[in-house]
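Trainee: Here is what each chain is made of, one letter per residue.
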Amino acid sequence: MNKTSLNKIGLLIGLMAILISACGTQPTPVVPTDKVTIQLSWFHGVEYAGFYTAVEKGYYKEENIEIVLNPGGPEINPIDEVQNDKAQFGITSGDSLIIAKTNQQNFVSVATIFRKNPLTITSLKKDNIQRPEDLVGKTVGVYSLDLSNFFDLPFLALLNRTGLDRNSMNYALIEDFQGANEIKAGNMDAMSGMFATDQQVMAQDAGDELNFIYYNDYGYDVYINTIFVKEEFIQSNADLISRLIKATIKGYQYAIENPEEVAGFAVKYDPNLDLKYQQSVMKAQIPFISTGDAPIGSMDADVWETTQQILLDFDLIAAPIDLNTIYTNQFTSQ
Amino acid sequence: MLITTILLVFIPVLITGAAASYISSQGLRQDVFDQLESVATLKEAQIKTWLESLQTNLDLIFANPDSLERVSELVLNQSSAEQAKSTVRSELTNNSQRSGYFTEIFVIDKDGQVVVSTASGQEGKIMTSQPFFHEGLKGRYITPPNYELSLSNYTIVISQPLISNTGKTIGVVAGRVNLNTLNDIMQQRAGLGDTGETYMISSNFAVLTNLRFGETVLGQTYIHTDGATQAIKNKANGFGNYRDYRDIAVAGVYHWVPELQIAVLAEHSESEALQSANRVLQVTLGLVAITVIIAGFAAFLITQGITAPIIKLANAAENIARGNLNQQVDIVQQDEIGVLANSFNSMTTRLSELIGTLEQRVTDRTKALATSSEVSRRLSTILDQKQLVTEVVEQVKNSFNYYHAHIYMYDEDRGELTMAGGTGEAGAQMLAQGHKLAKGQGLVGRAAESNEPILVNDTSQDPSWLPNPLLPDTKSEVAMPISIGDRVLGVLDVQHNIVDGLKREDVDSLQSIVNQVAVALQNISSVETMAKRAKELASVAEISTISSREADVSKMLENVVHLTQRRFGLYHAHIFLHDEKTNNLQIIACGWKEGDEHEGTHGTTSIPVAQEQSLVARAARTKQAVIVNNVHDESGWLPNPLLPDTASELAVPLLVGDQLIGVLDVQSDRLNAFTEEDASIQTTLASQIAVTVQNARNLVQSKRLAEREALVNIITQKIQSATTVEDALQVAVRELGHAVGMKSTMVTLDPKVLAGEGQDN
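In the order they appear, the protein sequences are chains A and B.
Start counting the first sequence at 1; every next residue gets the next number (the working numbering).
Start counting the second sequence at 1001; every next residue gets the next number (the working numbering).
Check before you lean on any hint, since a few could be wrong.
Simulated crosslink set (EDC-like; lysine to aspartate or glutamate; CA at most 20 Å straight-line) [claimed, not checked]:
1. B:Lys1138 / A:Asp300
2. B:Lys1535 / B:Glu1073
3. A:Lys230 / A:Asp34
4. B:Lys1386 / B:Asp1364
5. B:Lys1110 / A:Asp302
6. B:Lys1138 / A:Asp239
7. A:Lys57 / A:Asp300
8. B:Lys1312 / B:Asp1330
9. B:Lys1138 / A:Asp134
10. B:Lys1436 / B:Asp1411
11. B:Lys1235 / B:Glu1215
12. A:Lys250 / A:Glu133
13. A:Lys250 / B:Asp1226
14. B:Lys1085 / A:Asp300
15. B:Lys1168 / B:Glu1082
16. B:Lys1233 / A:Glu257
17. B:Lys1535 / B:Glu1677
18. A:Lys283 / A:Glu260
19. A:Lys276 / A:Asp205
20. A:Lys61 / A:Asp34
21. B:Lys1085 / A:Glu209
22. A:Lys250 / A:Glu232
23. A:Lys283 / B:Glu1215
24. B:Lys1110 / A:Glu66
25. A:Lys35 / A:Glu75
26. B:Lys1436 / B:Glu1449
27. A:Lys283 / A:Glu232
28. B:Lys1138 / B:Glu1259
29. A:Lys125 / A:Glu232
Treat the hints as calculated values from the structure; they're not laboratory data.
As the structure is a computational prediction, the values presented were derived from the model and not from experiment.
Given only the sequences and the hints, what does the whole structure look like? Please build it.
Mentor: Structure (structure tokens):
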């Protein structure tokens, strides 16, 4: 080997070294982080554990998303917030979305938090009220004495489905929503429209044993906390929705597996929350989130049909809408 | 030079050793996967058969046209009385308790409302948004295990259309089961060793059955191991090495069961699986060490030498170092150098032998492992015992070039071993002769007795060895028990026509094969048992449907016993009906073996219910099934001269509710022919028969009642048409006498009555 060829090799090595180091310092193009606001349906609480967990565990970060969670409350309608672009995602019930659609507000539900409806008629175990028939002659706690309140709709639907006469029982206004206080005070025998999840925990804390009649079992099937977006938002942001739902569902999967830990995440958002109570509620709501027969967050056509049928039965909408436009499982079945 | 020599000897030996260990550990890994694969396949088959039995049971619920009629009325006419509902409900409850399969049976009408359920609290619920309702209207449907809120438990619902007698779909009939049976299936650990386990997870990663090394709380225990994630993500079968839920390295096989949308995982800890591989490694390392020491010593001697022979030796040593182990030096000297040369030569010979055997061992072991994998790969798909036996003996004989191989199956009840298949002409002849051996007899019998392999390296040296004229060239033989734990299923016997042709190494290779064969045989018997059950349930359905079409009770029962004897392959089946007046059991129908001269007759046997010894009477008294699996052991058992071969007997009462209708008695010419499961199947059949008999009787009774009423009407009319009391009395006595078939009838009148009340009338 002569000197020239040695030089050539030296040159080659030198060039390659420069090339390699150049590659190393080349800045990778930065994709800007997606910033998203989510309007919750109610005050902070462990019902939204999947969102908190996805933040805490970095699932949104992996998807290059940053989220802001706006708590709801009695004065805040998530539909208006999303309609007015104050949030891109909202959480509300399936029937509200159908009603909005008939008012030319086009939203699409992209996932649900609870796959099963936790609404119940609650009574004390010792009173042995197990079926709707058992309410005949009893006093039922409701939201309005003439059953005109929107929250009394499930009860009206139940009467309709089971063929029971609304005059066969008495009604009283629920004023104290804490556990079974109203029943124990003798104001009523049963309370309509309670969440099995919270109610169970409050009653347990007070040392009471409850019976539940699930509205779900009597044909009142509604998704009570679906995640929704504007219809036009899907067209331009399908990828973002897909990533956000993926991370959120991952958050809920983690939440059902580690209920005690994630209750702590909720408390970070609202320090007034009681950790023990949140832990109990988180455990109680697991079967509503993970039903075992379908992916977390996914929805069934029948539930949407039932919801629409109830709205039609009570003249809350004039004509049926095309349900394929109101929800999609494309983001939950990924 | 010393170091070079040592290194150059050391390196090839080390490589050969490492290769041997690697190959054997790979083979063992493959063995473990094959075994797990067989187990997972078995579990999947068991789950599917269970689901089929559930569907057959669902079919049976309304197999009786009368029950179908009753439920149809209930479903179509919602306002029907609570009485009708409770009749159907108790019918369903009986059904569900009898079969023991369902925790709840319910019927949904076309609007989705539960009309009747064994759990009355479920009645009135609306199932419109449940897939088992709308899919059940279209055909058979099974839900994945899912959490039922009102029951606070995971359940599976099986549903299918409810089709009325007129062929219309009028609703859905559904059965609910909990996960106990699936749990039982997963807990059977045949072929899984000390650390193996199987369990089930749902598509949401929730653990559905008990874990061997951890607690399962339904709905709260989740598993995200690689195996679980792969199974659920891909919805497919597969295998791999990964860390399990305890973070312990395992070999795992997973199966996706699409019918239930669940994954079955079979796992086995790697450390247990690789124990034998580590042993191979240790032996190899030992050999390497010895070789190196010898080589080192030799090289040391060589380097100590001087002058020409030493250079010769050095050259030779260098040759050895290059790997030429057949090196010999030709120095014929009587001095120390000569001795050295001699010992050098014997050293090289020894070295070459050592390495040679090592290579041979690797080749043999590789081949053995390949054969073992091949055999087990094929075994897991064979579900027929005869085919399995044939495959195994052929594979074993051909792959190892043995002289002969055959398998005996062990019958625990009889304590004897029966030839099940063998290679070549000798195998075929022994099979044709139905060759049998007693436990303890010969090599095969001893292996079965001790559950240990029995090896004879040289048959001529073993005085207790018995020659077989069909296999004249046998020089060595090994009998390998095929067993699962302590239970011996059979024996694989292998023979070679070379003395020492079968050695300890062969036993090791054959051991892994017989392990696989044992699992495969177990699989076959489980699958066969379950298939048999499913077939029997189908027979029950068929017999009850056929019998319900025959209105005449004795003809119907003749059909039933005839079909029962044929379909269940029994020696005999007969039915006794209970006579309430005498409290006797009267024979009414006999089902004889095909071609029996008595076919069509049933004699006149009558047994008092109180009779102590009779099994039939005992079943009637206790209202429970009575099983006697060896009638000769049963003191006081009464033989029937027409049925000389009866060996076991099963009597089940025919009951409607709590009322005794009769007894169905079935007999087999085999010992231990009946299990609790058989009793449960025959009880199902018996209850169908009882209901049919009861219905037919009710029909006859109501006809008779109607006839009697008609007669009374006619007589009354005739009496009323008489003009005088005398005429009326005349007509009355004549007609009554005629009606009851008396020659003469007399009426006496009390004059007071005639004077008083008689005038009023």
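Trainee: Each hint should be assessed against the structure and marked as holding or not.
Mentor: Hint-by-hint comparison with the structure:
This hinted pair checks out: Lys1138 of chain B and Asp300 of chain A have alpha carbons roughly 18 Å apart, not beyond 20 Å. A distance of roughly 31 Å separates the Cα atoms of Lys1535 of chain B and Glu1073 of chain B; the hinted pair therefore is violated under the 20 Å criterion. Note on Lys230 of chain A and Asp34 of chain A: the hinted pairing holds, with a Cα-Cα distance of about 17 Å set against a maximum of 20 Å. Taking the CA atoms of Lys1386 of chain B and Asp1364 of chain B, the gap is near 29 Å; set against the 20 Å cutoff, the hint is violated.
At roughly 15 Å between alpha-carbon atoms, Lys1110 of chain B and Asp302 of chain A fall within 20 Å of each other, so this suggested pair holds. Restraint check: the Cα-Cα separation between Lys1138 of chain B and Asp239 of chain A comes to about 37 Å, which exceeds 20 Å; the hinted pair is violated. Only pairs whose Cα atoms come within 20 Å are accepted, and Lys57 of chain A paired with Asp300 of chain A is rejected, the gap being roughly 29 Å. Our distance criterion of 20 Å between C-alpha atoms is met by Lys1312 of chain B and Asp1330 of chain B, whose separation comes to about 9 Å.
A threshold of 20 Å between alpha carbons decides the hint, and for Lys1138 of chain B with Asp134 of chain A the separation of about 34 Å lies outside it, so the pair is violated. Distance restraint check for Lys1436 of chain B and Asp1411 of chain B: the Cα-Cα separation of roughly 10 Å lies within the 20 Å cut-off, and the hinted pair is therefore satisfied. Pair hint Lys1235 of chain B plus Glu1215 of chain B does not hold up; C-alpha atoms about 26 Å apart against a cutoff of 20 Å. A C-alpha spacing of about 41 Å is found between Lys250 of chain A and Glu133 of chain A, which places the hinted pair above 20 Å, so the restraint is violated.
Taking the CA atoms of Lys250 of chain A and Asp1226 of chain B, the gap is about 16 Å. The hint holds against a cut of 20 Å. With a C-alpha separation of about 32 Å, the suggested pairing of Lys1085 of chain B with Asp300 of chain A is violated against the 20 Å cut-off. With a C-alpha separation of about 24 Å, the suggested pairing of Lys1168 of chain B with Glu1082 of chain B is violated against the 20 Å cut-off. With a C-alpha separation of about 18 Å, the suggested pairing of Lys1233 of chain B with Glu257 of chain A holds against the 20 Å cut-off.
As the CA atoms of Lys1535 of chain B and Glu1677 of chain B are separated by approximately 13 Å, the hinted pair is consistent with the 20 Å bound. With a C-alpha separation of about 8 Å, the suggested pair Lys283 of chain A and Glu260 of chain A falls inside the 20 Å cut-off, and the hint holds. Between Lys276 of chain A and Asp205 of chain A the alpha-carbon distance is near 10 Å, which keeps this suggested pair within the 20 Å criterion. For the given pair, Lys61 of chain A sits about 10 Å from Asp34 of chain A by alpha-carbon distance, which is consistent with the 20 Å threshold.
As the CA atoms of Lys1085 of chain B and Glu209 of chain A are separated by approximately 31 Å, the hinted pair breaks the 20 Å bound. About 26 Å separates the Cα atoms of Lys250 of chain A and Glu232 of chain A, which puts this hinted pair outside 20 Å; it is violated. A hinted pair counts as satisfied when its Cα atoms are at most 20 Å apart, and Lys283 of chain A with Glu1215 of chain B qualifies at roughly 18 Å. For a cut-off of 20 Å, the pair hint linking Lys1110 of chain B to Glu66 of chain A is broken: about 49 Å separates their Cα positions.
Under the criterion of a C-alpha separation no larger than 20 Å, the hint pairing Lys35 of chain A with Glu75 of chain A is inconsistent with the structure, at around 25 Å. Between Lys1436 of chain B and Glu1449 of chain B the alpha-carbon distance is near 15 Å, which keeps this suggested pair within the 20 Å criterion. For a cut-off of 20 Å, the pair hint linking Lys283 of chain A to Glu232 of chain A is broken: about 36 Å separates their Cα positions. For a cut-off of 20 Å, the pair hint linking Lys1138 of chain B to Glu1259 of chain B stands: about 17 Å separates their Cα positions.
Annotation: proposed proximity of Lys125 of chain A to Glu232 of chain A is violated, straight-line Cα distance about 49 Å (limit 20 Å).
When the structure is compared with the earlier hints, violations turn up for hints 2, 4, 6, 7, 9, 11, 12, 14, 15, 21, 22, 24, 25, 27 and 29 and for no others.
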